[in-house]
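Asker: One letter stands for each residue in the lines below.
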Amino acid sequence: MFSHIRTIWLTFLHLFKRHVTIQYPEEKIKLRPRWRGRIVLTKDPDGGERCVGCYLCAVACPVDCIALQATEDENGRRYPEFFRINFSRCIFCGYCEDACPTYAIQLIPDFEMAEYNRQNLVFEKEDLLINSQGKYPGYNFYKVAGMNAGVKEKGEGENEDAPVDIHSLMP
Amino acid sequence: MQHVWIVLGVLFVLLNIAAGLIWVERRMLAMWQDRLGPNRAGPLGILIVLADTLKLFFKEDWIPPFADKWVFIVAPAVVVGSVLMSFVIIPFTPQIIVSDLNVGILFFLAMSSLGVYSIVLGGWASNNKYSLLGAMRGASQMIAYEVFMGLSLMGVVMLTGSFKLGDIVNAQKDMWFVVKQPLGLILFFIAGIAETHRLPFDIPEAESELVAGYHSEYSGMKFGMFFIGEYLGITLISAVTVAMFFGGWLGWSFLPPWAWFFLKTFVFILFFILLRASLPRPRYDQLMETGWKILLPLALANLMITGAVALLVRG
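Heads up: the protein sequence lines correspond to chains V and Y, in order.
Using the numbering used here, the first residue of the first sequence is number 23, and each one after it goes up by one.
Using the numbering used here, the first residue of the second sequence is number 6, and each one after it goes up by one.
Chain V with its partners taken away, still in its complex shape:
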């Protein structure tokens, strides 16, 4: 009986406590930089696409919302011919970002992507590509990759030695 009265009293005291409601459209919470929201495709410092079309994101995706087709340009540089994310399926788990070997696909702190038409939630490559390097500024995959894809000559990359002349006996 006493505990009931105490409960009533304690509940009454909550009248004088601050409310926890955040009045969303006017007040917004601060989203952290690593908050997992809308998915974007970033570019390298030279403005080229980072995505190399390896399909690892599409494989990692638990809801199969990513579809892409890889292709190559005349220099042998791989890029996606199309890149499509169906955000009406996406669960924002971030596995694609984990899987991406070139830091191309990234999740950014933006969740306000409501649409009246479901079809508008299917984002094509031009909707996904942003003119930014995202969370990894300065990273350019083809600068550290061993191959020549029109970005640098073979053996001229960072942390890379010149190719060994296999016809020479000299060290």
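If you are wondering where the hints come from, they were derived from the structure by calculation, not from laboratory data.
Keep in mind that the hints are not guaranteed to be accurate.
[Stated by the list, open to error] What follows is a list of derived Cβ distance ranges for each label pair: (1) Y:P99 to V:K39: 40 to 46 Å; (2) V:E146 to Y:P285: 48 to 54 Å; (3) V:K157 to Y:Q38: 34 to 40 Å; (4) V:H26 to Y:A315: 27 to 33 Å; (5) Y:K60 to V:Y46: 18 to 24 Å; (6) Y:P302 to V:I30: 23 to 29 Å; (7) V:R40 to Y:N107: 48 to 54 Å; (8) V:I30 to Y:V79: 36 to 42 Å; (9) Y:S167 to V:H26: 31 to 37 Å.
[Unchecked claim] Where chain V lies over chain Y, by a calculated footprint (3+ residues, C-beta under 8 Å): (10) 34-41; (11) 276-288.
[What the hints assert, rightly or not] Not close to chain Y: a few residues of chain V, all C-beta gaps over 10 Å, as computed: (12) F104; (13) G172; (14) A184.
Predicted model only: the values in this text are computed from it and were never measured.
By construction, the Cβ of each residue, glycine as well, lies at the ideal position given by its N, Cα and C atoms.
Following the hints, position chain Y against chain V.
Answerer: Just chain Y now, with coordinates in the frame of chain V:
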């Protein structure tokens, strides 16, 4: 002619209070749960009442094909009708009272018991097992709590010597009956909560076990009638508590009598909502056990002691 105006005025005020309580309840409940509640439509969100009512009007008024049609339709009207009838004897001020019957309290008890018909008929006519379970619980709860509800008020009647609510309020000029009958007040209030099926005693509805209890099958304005009936019931119990134990319209003269009455009633309405915010629902058998084994003997003891003291004092 004046009677007609009083009746219409009381009806108008009551129905508006019942509708306004939608907003009051949701806002206050939110405050007590550290939320904000509806605050978008209109100033402080008060237009939620309008929105809710319009929504109820435009909802499909569905009568299930397996239901007993006429009983199903009549049941929601019974609860509102019986509660509104009880307001006949409530003295808002010495002048504003529809009819100061000399069986006042008995009339109130009779009418509030009639309200159980709406639950039983509604649950029965719905032809649905959950509704029927809710209706059964409602009926037995009402019978259990009706008994000592009447008995808890008899102490006040004994001290006044009248069933008339006007006389009872006037008898509290020197001292409110809450001082002389504290146990009566507590018992009456507990019975009142059970009578209006408010939380924590909303076992006939018990949405966690019985879908929505006796009004599971109801929609649209028929459900709205049950809703209004519940809020009117809260107002009724609060008004009767104020009139019986807290001096009704009596108060200092800087406020008019009706303002005192409404102020006091409002405090009790808020207490009803506070109870909803704080207490969990007891199990059904626990409720019945407390009713018959603890509260009824307490009410009888209160009655006996009050009678004995009244006899002693009068000599």
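Asker: Decide, hint by hint, whether the structure agrees.
Answerer: Status of each hint after checking the structure:
1. Y:P99 to V:K39: 40 to 46 Å: 42 Å Cβ-Cβ, so the 40 to 46 Å window holds.
2. V:E146 to Y:P285: 48 to 54 Å: holds (53 Å)
3. V:K157 to Y:Q38: 34 to 40 Å: holds (39 Å)
4. V:H26 to Y:A315: 27 to 33 Å: For H26 of chain V and A315 of chain Y the Cβ distance comes to about 31 Å; the hint holds.
5. Y:K60 to V:Y46: 18 to 24 Å: The hint (18 to 24 Å, Cβ to Cβ) holds, given that K60 of chain Y and Y46 of chain V are roughly 22 Å apart.
6. Y:P302 to V:I30: 23 to 29 Å: At 24 Å between Cβs, range holds.
7. V:R40 to Y:N107: 48 to 54 Å: holds (53 Å)
8. V:I30 to Y:V79: 36 to 42 Å: Since I30 of chain V and V79 of chain Y have Cβ atoms about 37 Å apart, the given range 36 to 42 Å holds.
9. Y:S167 to V:H26: 31 to 37 Å: holds (34 Å)
10. 34-41: Since 7 is at least three, the answer is holds.
11. 276-288: The restraint on the stretch 276-288 of chain Y holds, since 5 of its residues have a Cβ under 8 Å from chain V and three suffice.
12. F104: About 42 Å separates F104 of chain V from the closest Cβ of chain Y, which puts it past 10 Å; holds.
13. G172: holds (57 Å)
14. A184: A184 of chain V is indeed farther than 10 Å from all Cβ atoms of chain Y, at 67 Å.
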